[in-house]
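Protein chains: 2
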Amino acid sequence: MASKNGVEWSIRVDDGSSVVLEPEHKYRMMRIWDGLKGLVVRFFTRVWMFFKKAWDLGVDDPRKFFHCLKVGVALMVVSLFYYMRPLYDGVGGSAIWAVMTVVVVFEYTVGGTLYKCLNRICATFLAGFLALGVHWIASHSGHRFEPYIMGLSLFILASATTFSRFIPVVKARYDYGCTIFILTYSLVSVSGYRVDDLLHVAHERLSTIIIGTCLCIITSMVVFPVWAGLELHLLIPRNMDKLAKSLDCCVADYFGHIDEESKKKLQGYKCVLNAKASEESMANVARWEPAHGRFNFRHPWKNYLKVGASSRSCAYCIETLTSCLDSKDKVPEAIKNHLGSACMNLSSSSSNVMGELANTVNTMTRSAKIDMAVEDMKNAVKELQNDLKTLPDLMIQPHDKEKDELVPSELTVVPLMDVIPVVSFASLLIETASRIEENLVKAVEELAESAQFKQPEDEKKPKQNSNTAKIVSDEGNATALERV
Amino acid sequence: MASKNGVEWSIRVDDGSSVVLEPEHKYRMMRIWDGLKGLVVRFFTRVWMFFKKAWDLGVDDPRKFFHCLKVGVALMVVSLFYYMRPLYDGVGGSAIWAVMTVVVVFEYTVGGTLYKCLNRICATFLAGFLALGVHWIASHSGHRFEPYIMGLSLFILASATTFSRFIPVVKARYDYGCTIFILTYSLVSVSGYRVDDLLHVAHERLSTIIIGTCLCIITSMVVFPVWAGLELHLLIPRNMDKLAKSLDCCVADYFGHIDEESKKKLQGYKCVLNAKASEESMANVARWEPAHGRFNFRHPWKNYLKVGASSRSCAYCIETLTSCLDSKDKVPEAIKNHLGSACMNLSSSSSNVMGELANTVNTMTRSAKIDMAVEDMKNAVKELQNDLKTLPDLMIQPHDKEKDELVPSELTVVPLMDVIPVVSFASLLIETASRIEENLVKAVEELAESAQFKQPEDEKKPKQNSNTAKIVSDEGNATALERV
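Sequence lines, in order, name chains A and B. Okay, so the first sequence: first residue is 1 according to full-length UniProt numbering, each after it adds one. Okay, so the second sequence: first residue is 1 according to full-length UniProt numbering, each after it adds one.
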């Protein structure tokens with residue numbers, strides 16, 4: 001209170017003078033000092049954490065580091081055009097456009113870079129051509145009308161192009177091109193009013209942009225390329241594997257106990273729920289990529305999106321399934337034991353199917369075992385349904401058997417309410433299985449059809465010696481083990 | 001076969017010469033002509049459909065048209081700087097940068113425009129300042145080292161900035177700034193090697209960019225502004241309403257029949273499932289917007305995202321619920337009748353809660369009725385649970401009662417398997433209700449807390465005359481009716 005009201009505490013000393021006590025003041029200073037120190041420490045901790053996170057990000061995927069180095073190198077190379085006089089004189093003052101192109105166009109994936117490069121070149125060419133044409137018309141219609149014609153054409157073209165960006169297809173494929181189109185048109189038409197040798201300007205701009213884009217395309221395709229198509233191709237089966245693990249862990253958690261690590265894996269389905277945007281952007285840029293690795297130019301990337309959507313529909317089910325875990329303790333042990341094995345069986349056969357599908361996509365080879373795996377899953381569904389059918393017998397169950405085995409056992413009725421959670425868990429599990437069968441299997445089948453996946457080894461060479469067949473089946477086991 | 005092998009059919013005429021028959025050829029020509037006609041018609045139909053779709057897009061939301069006109073106007077105005085000699089001489093040759101800024105920076109929403117403008121200005125300023133500093137150091141360390149120092153600094157800064165774009169926070173808030181930073185740094189440092197009056201260049205560039213950005217900001221904020229924050233604020237309750245309708249229609253469909261229009265509404269939850277990306281991008285740009293309408297500068301947009309995520313978690317449940325519709329015909333009528341009213345009751349009280357929450361967000365006024373609505377929902381859950389408890393009595397039900405009422409009725413046991421679908425439907429419904437209560441209500445409560453929503457009318461003025469109170473309750477009824 002003293003410090004707040006500005007009251008001073010003093011002691012009257014023997015000689016009559018008073019000594020002012022300043023502990024408050026000192027404390028305040030110290031408190032401010034502590035506060036400052038805390039602030040500084042907190043600031044540096046935050047900065048440190050930020051850098052640590054960034055570093056982890058790079059260590060997690062070193063290609064991100066490489067990408068940064070690539071951008072640096074490309075920029076260095078292109079600025080050479082400016083430093084070296086002979087090149088500079090050749091290309092002229094607009095060498096700056098080459099630098100700009102590199103900065104703006106260089107993306108993480110090859111597809112992204114190609115998308116921007118091609119959009120930039122085409123849009124620049126088209127807009128330059130149009131601007132020259134309109135400029136020619138304008139200059140032939142008299143000096144008075146020239147600015148009006150140029151201004152009006154600029155207004156109309158800019159508005160129309162801006163509107164076209166709202167159309168989903170244009171947005172996905174030519175968004176960048178639209179920006180560049182307006183940009184180039186306005187630059188050429190505006191400077192056309194001043195600069196006389198317009199053709200020269202247009203030619204210069206186009207050639208510098210081509211230098212920049214070529215450099216970008218070469219760097220991104222040759223030095224540690226990151227193909228968007230390949231990324232998408234790897235993401236889809238990885239997500240399916242995550243779903244399979246989630247399902248397994250969820251059922252294992254319901255009918256028993258799982259360790260901490262499995263609890264983490266249980267959350268895997270969340271990645272699938274949130275993957276839509278990244279899948280779509282990858283597919284959008286993958287279409288621009290040339291043939292690479294095992295993929296042709298017109299690889300059916302759209303089908304990957306369908307597989308992704310089907311995975312997501314399974315993920316919705318699994319998400320609902322996990323919320324059943326809250327009520328697992330209320331279910332009587334007897335009922336759990338009765339349904340447990342069938343549920344575990346269904347989950348493992350479902351995740352087996354998902355793993356097989358993931359493997360199919362991954363290796364781009366049709367699976368010889370997928371039909372059997374689906375059949376297994378169907379049988380597991382039937383088994384679980386049978387177990388559900390015999391549930392009423394169990395609901396009227398012997399009571400206190402251990403206490404007195406000779407006395408005829410009393411019968412207790414397990415109320416339906418206690419059974420409902422596990423019954424709905426089981427029917428959600430069946431629903432998941434049916435979604436896998438109806439959506440996922442079909443989507444992968446469609447993908448295999450349109451991407452012309454290879455036939456499985458043992459179908460192509462049915463009369464092989466048993467030795468090779470053994471190796472194949474061993475491999476199958478290995479992946480199955482990895483999945484478990 | 002004839003045309004394929006190139007064989008000619010001819011008739012020997014009386015005078016010995018032969019006349020070649022050309023019906024194949026004629027037919028082929030006609031077929032080609034038909035094919036071409038078909039192609040052209042199809043092409044124009046596609047073009048026509050494309051334009052029709054585009055037009056519908058604009059009619060659907062006329063603000064998109066306005067946006068295009070705004071861009072056109074802004075570009076026209078900025079190109080005036082170039083056409084008018086006095087202004088041109090004032091700003092100099094780099095007036096072109098103002099044009100460029102307008103093209104690149106103008107976005108659909110005010111937030112998007114501000115985000116780009118502020119990023120552009122700050123990044124340009126920072127990079128220009130840095131480039132000047134490095135240039136000064138380089139020029140003082142001798143002519144020989146100058147290009148090396150400049151090149152190396154360019155390499156390091158470009159790589160580091162590119163890397164920082166991988167960090168999610170930087171990506172969300174400063175992505176555009178990073179691009180502009182690299183761009184400006186490389187432009188200034190590269191041209192610094194040639195142009196002597198660097199300061200002049202930097203100053204010119206900055207001033208033109210400021211002209212461009214100011215024009216953009218003013219145009220986007222004054223002429224028919226589209227606020228990202230407002231869009232987000234309207235989207236969230238709209239999605240909740242869609243969810244409520246979906247839930248109602250789904251339950252109504254299960255226990256009865258619905259018309260075509262309701263079937264469309266049943267699909268509403270899909271919008272919610274796919275809304276994540278757009279919600280996030282809106283919240284990202286909304287943070288840049290100044291106070292507008294009922295929103296302050298630091299309006300808690302993040303809380304809207306939480307409400308959105310909670311809506312989505314309900315949507316997952318409803319998605320699973322809709323897949324139960326396939327099995328609705330297998331459930332015995334008696335069981336349906338038994339549970340129907342409780343389920344309908346629960347769905348209508350759940351959708352009532354969602355509607356109340358949507359209304360709360362929409363009007364930014366805490367609802368006086370929300371507690372009662374939640375209580376209603378809880379009671380409906382209890383009612384449904386009670387009905388589920390009495391289900392076993394029904395499962396052993398009188399058979400063929402109508403045929404002979406005097407004879408003691410035979411008893412039939414409805415097998416548990418027939419009941420399972422409806423039981424799991426009911427428990428999914430209960431799960432949906434619990435998600436609404438635990439996630440959605442809490443998220444909206446949190447939002448109301450942090451955004452300081454108004455207190456409800458009847459709490460603020462408890463001693464009003466009954467007349468006003470009646471109007472308030474009438475309004476409540478009206479919105480409830482609209483929801484239904």
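One thing to keep in mind: the hints can contain errors.
Just so you know, same-sequence chains aren't split out, so a pair can sit in one copy or run between any two.
The list that follows gives simulated cross-link-like pairs (lysine-lysine, DSSO-like), each with its CA atoms no further than 27 Å apart [stated by the list, open to error]:
#1 LYS442 / LYS37
#2 LYS53 / LYS389
#3 LYS302 / LYS264
#4 LYS389 / LYS263
#5 LYS306 / LYS454
#6 LYS26 / LYS378
#7 LYS265 / LYS37
Worth flagging that the hints you see were computed from the coordinates, not collected in a lab. Here the structure is a predicted model, which means the values were calculated and not measured.
For this session: Please work out whether the CA atoms of LYS53 and LYS389 approach to 27 Å or closer within one copy, between two copies, in both situations, or in neither?
Result: Neither, since 53 Å and 53 Å both go past 27 Å.
For this session: Please work out whether the CA atoms of LYS302 and LYS264 approach to 27 Å or closer within one copy, between two copies, in both situations, or in neither?
Result: between (31 Å within a copy, 26 Å between copies)
Exercise. With identical chains treated as interchangeable, where does the CA-CA distance between LYS26 and LYS378 reach 27 Å or less: within a copy, between copies, both, or neither?
Worked result: Neither: 79 Å inside a copy, 59 Å across copies.
For this session: At 27 Å max between alpha carbons, let me know whether LYS306 reaches LYS454 within a copy, between copies, both or neither.
Result: Result: close within a single copy only, 20 Å intra versus 45 Å inter.
For this session: Pop the pair LYS442 and LYS37 into one bin, within, between, both or neither, using alpha-carbon distances up to 27 Å.
Result: For LYS442 and LYS37, the Cα distance exceeds 27 Å both inside one copy (62 Å) and across copies (37 Å).
Exercise. 27 Å Cα cut-off: does LYS389 pair with LYS263 within a copy, between copies, both or neither?
Worked result: neither (31 Å within a copy, 33 Å between copies)
For this session: At 27 Å max between alpha carbons, let me know whether LYS265 reaches LYS37 within a copy, between copies, both or neither.
Result: For LYS265 and LYS37, the Cα distance exceeds 27 Å both inside one copy (41 Å) and across copies (59 Å).
Comparing the model with each earlier hint shows violations of hints 1, 2, 4, 6 and 7; every other hint is respected.
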